[in-house]
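The whole structure should be built from the sequences, with the hints applied where relevant.
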Amino acid sequence: MRRPVSLYGLTFSLPLLIWQLLFFVFPLLFLVALSFWTVKNFVMSPDFDTVNWTTMYGRAVFWQAYGATFALAAGAAALTSILAFPCAYAIAFKLSDTARRWAVFLMVIPFFTSYLVRVYSWQIFLSDNGIINVMLGWIGLGPYPLLNTVGATMVGYLTLSFPLVVLLQLFSLVFIDRTLIEAAHNMRCGRVRTVFEVVIPSARVGLVIAALFAFILSFGDFVSPIYLGGGDPTTLSILITDTTKSGQQWPRAAVIALTMIGTLMVVAFAAVQFAYKGKTK
Amino acid sequence: MQRDTLVSFEGVVKRFGSFVAVQKMDFEIRKGEFLAIMGSSGCGKTTTLRMLAGLEAPSEGVIRLSGKPINDLPTWSRDTPMVWQSLALFPFLNVRENVEFALKMRGIGKVERRRRAEQWLDRMQITEFADRNIAQLSGGQRQRVALARSLVVEPEILLLDEPLSALDAALKVRMQSVLKTLQRETGITFVYVTHSQSEAFSMADRVVIMSRGVIEQIGTPQEIYRAPRTRFVADFLGSSNLFSGRVRPGAAGGVELETPAGALKLGGDGVMPADGTTATVTVLDTKTHLSVTPPARSVNVVPVRVVGEEFVGATATVYLETPQGQEIRVQKGHDELADLPLGIGQDLFAWWEPKDGHLVAEA
Ligand SMILES: Nc1ncnc2c1ncn2[C@@H]1O[C@H](COP(=O)(O)OP(=O)(O)OP(=O)(O)O)[C@@H](O)[C@H]1O
Ligand SMILES: [Mg+2]
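These protein sequence lines are chains F and G, in that order. Here the first sequence stands for residues -4 to 276, where the numbers follow the working numbering. Here the second sequence stands for residues 18 to 380, where the numbers follow the working numbering.
Don't read these hints as lab results, they were simulated from the structure. Possibly wrong hints are sitting among the right ones.
[What the hints assert, rightly or not] For each label pair, taking beta carbons as the anchor points, the in silico distance ranges come out as:
| id | chain 1 | residue 1 | chain 2 | residue 2 | range |
| --- | --- | --- | --- | --- | --- |
| 1 | G | S94 | F | F269 | 29 to 39 Å |
| 2 | F | F100 | G | P91 | 49 to 59 Å |
| 3 | F | P105 | G | S35 | 32 to 42 Å |
| 4 | G | D96 | F | F106 | 41 to 51 Å |
| 5 | G | P86 | F | K89 | 26 to 36 Å |
Built from N, CA and C at the ideal position, the CB exists for glycine as well.
Shown next, in the form of structure tokens:
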């Protein structure tokens, strides 16, 4: 059924519409057009050639980077969710109202400082003669190579998305009907079991969305894999910078970027589908 | 302690901070009875039930289940299933899974679980909704799911906290009979918290009336209705006329109450109060009679004036006032009132038999 567009409705949706056009649709259309341009002698010229797509998709490097990025982002989403949950659970169920307000406030503070600064400070901790290895040295251990490893990249991803994931999980946990938890206890469901039988299913939508955000942030992140992971494995974001640096290949970079956007759309759609599975409303 | 006692509250107190929600509660719940706990809002009914379920710990006193103290037993180690006012059904499980939940928690195998759930779905007539989501059910159907979910483990006792309050009037009456039948057939002890006098009195074997964390009276509906033990209960039930006054020896023997409305003769049951003390007597509005001329007998007659009349189904309630301004109600069938002039301002005489007057405890 079509409803006539009313002036009233239009007035209120117009800013949103303009915003969407300005910051999402136009750049995306430009990116799509760009991916069909050609580069000759380091000069880009408008064109309609599928050469960029076939070249990129024909390269093993591209697919390796794609696989690595996807796996890292999925791992980061899982790891962040698992580590964030006990934290969000404790804030939601174990703290007093005042303490909870403080905890939320503390979770917002990390957003005040630049992510880049936080990643650099991790370098100080993780490098071969960094704080952690020095302390391990005191008890006769190490030094261990901590920086430039996948583990370090993960630490970076956690730094990036942990506070947001905790907040998102927290907001889905605090809205759980407490009587459901009492009812489960009342039916012989112990404390830990209730978490799995009642709390997680009740908060499912929020938990999935939180994991989705962790995935999205990690999937597109450039800082952690390069400054903490040392660029190995190469992720798609690193591949983009490499591609633009080598001979002005912006159109090929556009192909990578569009592939990433497409992937995120599919993942986001699947995640939302999964979150609401079995819900009729 | 009696042999057929299932639960006993012994000096149970519940405080929230400095606020006392339940004070020194002593009572027993008998095996297989339908006990209703009734009282105005905030009097501690839910708190009492939650202490029994193990969702709230008593601040003082002992609660025993089958003779054993259960104060320190967490709710998941007790067999005291509860039906919440909100029903607390799990929205992420379908009807069948909801009913199977408690069985699953007891580690009962899939096949057996299925069989027993099926049995209760059938009994509560919700088999056809077994695979539906909770959101797709009507209020009455949800009610049945909640009952099936609690009863599937065949407990010894079931706790219900105003389970019918969200239903419309007609459905309420239907569910009342479902509950009563269920209780009689299974022999499970029901502890039923409610605001509603009609619910409590129509279903329960015994009723507990609470006020501000204190038990005012425990008894069968008939006992409580006929002879409210305290002024609060009489006021709460609202079906009696109350007269207060000083006790003195009666002119024609016995004991009289000297009230603003005149001297009233005491009779009936109970221990007579000492001379010189104050006492209150209650008389049911259905046991209070009216006449145009003073009745031949001269005891317990009060001159009154009609102030209003109200029809409720087969009966009518006449509102009257004594010369001192005290309100008196008389409830009768229409034919009994047919011969009386009941225009507003009409002077009449109200009277009752001394045996129908009951003394209440003076708080
Ligand atoms: N967790 C709590 N903390 C503080 N006070 C509480 C708490 N739970 C209940 N109370 C207080 O204890 C008193 C009794 O509460 P309760 O819930 O038992 O009342 P109720 O008889 O069930 O009332 P209603 O008929 O409105 O449900 C109320 O005054 C309430 O404010
Ligand atoms: Mg209550």
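Okay, the hints, checked on the actual structure:
no.: 1; hint: S94/G with F269/F: 29 to 39 Å; verdict: 36 Å, holds
no.: 2; hint: F100/F with P91/G: 49 to 59 Å; verdict: 33 Å, violated
no.: 3; hint: P105/F with S35/G: 32 to 42 Å; verdict: 40 Å, holds
no.: 4; hint: D96/G with F106/F: 41 to 51 Å; verdict: 49 Å, holds
no.: 5; hint: P86/G with K89/F: 26 to 36 Å; verdict: 28 Å, holds
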